[in-house]
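Visitor: I would like the entire structure built from these sequences, with the hints used as guidance.
Heads up: the protein sequence lines correspond to chains S and G, in order.
Its first residue numbered 1, the first sequence is counted upward by one per residue in our numbering.
Its first residue numbered 312, the second sequence is counted upward by one per residue in our numbering.
There could be a bad hint or two in this list.
Stated by the list, open to error - With a Cα cut of at most 30 Å, we get these calculated DSSO-like pairs of lysine-lysine: (1) G:LYS606 x G:LYS595; (2) G:LYS537 x S:LYS80; (3) G:LYS401 x S:LYS306.
As the list claims (entries may be wrong) - Chain G stretches covered by chain S per the calculated footprint, using a threshold of three residues with CB under 8 Å from any CB of chain S: (4) 436 to 443; (5) 550 to 559; (6) 567 to 579.
Stated by the list, open to error - Just the calculated beta-carbon pair ranges, DEER-fashion: (7) G:GLN524 x S:LYS80: 39 to 47 Å; (8) S:LYS201 x G:ARG382: 55 to 63 Å; (9) S:LYS201 x G:ALA559: 42 to 50 Å; (10) G:SER406 x S:ASP79: 43 to 51 Å; (11) S:THR44 x G:LEU352: 40 to 48 Å; (12) S:THR308 x G:GLY628: 51 to 59 Å.
Derived from the structure by calculation, the hints contain no laboratory data.
Cβ coordinates follow ideal geometry from the N, Cα and C atoms, glycine included.
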Amino acid sequence: MRAPLWLAGIALVTVLLFASLYAISETEQAILTQFGKPVGGLVTRPGLHLKIPFVQVVNRFDKRWLEFDGDANEIPTKDKKYIWVDTYARWRISDPLRFFQAVHDERGGQSRLDDIVDGETRNAIASFDLIEVVRSSNRPFQRTEELEGIGAAEAMANVTAGRQEIARIILEKAAKITPEFGIELVDVRFKRINYVDSVQKKVFERMISERQRIAERSRSEGQGRAAEILGQKQRDILAASSAGYRTAQEIKGAADAKATAIYARAYGRDPEFYQFLKTMETLAQGLDQNSWLILSTDAEIARYLKGTGQR
Amino acid sequence: MPRDDSSRGPRDPGAGPGLRFPTIGLPPPAIRRMIAVSAALALLLILLFTSYYQIEPDEVGVVQLFGAYSRTTEPGPHFKIPFWVERVTKVPVQSQLKMEFGFRTAHAGIQSSFSPPTPQTIGEAVMLTGDLNVAVVEWIVQFRIREPRQYLFHVRDVPETFRYMSEAVMRQIVGDHSVDEVLTIGRESIALQAKEELQRLCDLYGIGIEVQQLVLQDVNPPDPVKPAFNEVNQAIQEKERAINEAWADYNKSVPRSKGEAEQAIRSAEGYTLERVNNAEGDAKRFEALYAEYRKAPVVTRKRIYLETMNQILPKVGHKLILDDKAKGILPLLNLQDAPKEGTR
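Guide: Here it is, written out as structure tokens:
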């Protein structure tokens, strides 16, 4: 029975080999502990490594940026507006040994980060006005014509820090604390910022009244413009008719002048004869059935009633 | 022992496998040889199957040797060292990937259907604008994995990280625009700025993603405020209508009154022609008469006088011829009655 012995030898060697080799992935880093005591420093190079079998234990830690999602917190801003602030952060285990000693594992790390990031967020938000938290710059808003003059007071806000700067302050302050847990905080950002319900209701009311203001103004602008057009209409009508009247009168005046000149030239040759003619004409036209004609016998037409005149 | 959840990333090939050695009995030599041959064959097949892998056209394979990055393989058939020695992670670098924010497509197609809003999607979409108003913004991000190694090895849970980055960036950009910009005129520039900022953040985080498109979808005021926004649109319509109606009224009357003015002018021109023609006619007539009159003034005057009288006398209803000595007759005449009689 030599074969089983020989096989047992191979098996033993294999087991020893497997127990003394370990692989570290691209995403991992590790420290070896020997009966609980760390030995040999940090292993970060991915690939195959050796250890003393059964004596040394591999403690693996993630090397990547890890997730952290803070709880949404109700925080008052400096101008006493209550908002929900939801931050997220990214961190990595920069010192696995200290991390291992201080918080043991990722869950411990997350809970420390909760305390640190939430606290710093609270501090930072409370020392800035809401507008600073929301806006990032002082860029003026573009306005369409119908919105001219609406909400101007808010657009005037003077942002000195802005959202990114506040996030940077939180990161800077929190990142000063985390190294004692072997953690490097790489980024903190505001994921969401929302009004708390009671504030939101007021904001909605303001938005509604603002819109109603715009609507009212728009309507009244329409009416105003319509009235203006009506006035324009009346003006244009009067302008046209009076201009027509003026031109007509000018033309008629010129015509009268010309006619007068023609008459004067003609009748001027013998005004007396013209008067005689016109008188005759008028008499002929002006007397009718109802007229009385009282003639004296001195009148030329009646002269011969007294006699033939040949005395 | 602190170990991360290995299902999240490329798996750890170092985990010790428990190899089992079958105990071998003592069958007859022929059977033993058959067993040996088939065992060798089976081993060969297993080796073949575990070392062969195929990369689809839209992917690359990232090969790790004992956990360490070894090479990236292109689409096609490939071999690797079997078992836990070499491990392949396939990364779809050619596919355009998409993430939706504020809504979810339930079923994509010619007529895509969308899932009803959930607290989660609403939470993604509601945000504060720069004028401290609230807007509901839905958007999509289309992206591609540009650096598979960064994507796999640098940040844990890239999809979630990318979602958070996108939300943070969109809120940052929207927070610097007024609600009216967000709803109307600023849409394109917001999408563009958000895309650039998101790409900047991707590079900062080193997650190996290239943002290809960021498109704003539905952007609305919050539901309770919507009617007021609609009212503004309505009011703008009303304004336009009032103006249009006023112009219609203007157009109805102003051209007419211009025409009437023209009419007055034309008729004055007519008057001119008439007046001048009449004057000239009268003048010509007078001149003609006058020319003859000059030749025999006395007799012509008498003739005209008498002819006129001749015309008048038959026409006149009441005639009275008085001698200048009979003055007493006048009081006897009832002149008041005369017009009455005449009208009868």
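Visitor: None of the hints should be skipped; say for each whether it holds.
Guide: Each hint tested on the structure:
Between LYS606 of chain G and LYS595 of chain G the CA atoms are separated by roughly 17 Å; this keeps the pair inside 30 Å, and the hint holds. Taken as a hint, the LYS537 of chain G and LYS80 of chain S pair is honoured in the structure, with Cα atoms around 27 Å apart against an allowance of 30 Å. Restraint check: the Cα-Cα separation between LYS401 of chain G and LYS306 of chain S comes to about 152 Å, which exceeds 30 Å; the hinted pair is violated. With 7 residues carrying a beta carbon less than 8 Å from a beta carbon of chain S, the segment 436 to 443 of chain G meets the three-residue requirement, and the given coverage holds.
With 8 residues bearing a CB less than 8 Å from a CB of chain S, the segment 550 to 559 of chain G meets the requirement of three and the coverage assertion stands. Requiring three or more residues with a Cβ within less than 8 Å of a Cβ of chain S, the coverage given for the segment 567 to 579 of chain G holds, as 10 such residues are present. Roughly 41 Å separates the CB atoms of GLN524 of chain G and LYS80 of chain S, a value that falls within the hinted 39 to 47 Å. Distance hint for LYS201 of chain S and ARG382 of chain G: a CB-CB separation of about 60 Å, consistent with the stated range 55 to 63 Å.
Under the hint 42 to 50 Å, the C-beta atoms of LYS201 of chain S and ALA559 of chain G, about 44 Å apart, fit the expected range. Distance hint check for SER406 of chain G and ASP79 of chain S: the Cβ-Cβ separation is about 47 Å, which falls inside the suggested range of 43 to 51 Å. Judged by the Cβ atoms, the range 40 to 48 Å given for THR44 of chain S and LEU352 of chain G holds: they are separated by roughly 43 Å. Checked against the hint of 51 to 59 Å, the pair THR308 of chain S and GLY628 of chain G fails, with Cβ atoms roughly 29 Å apart.
In the structure shown, a violation is registered for the earlier hints numbered 3, 12, in ascending order.
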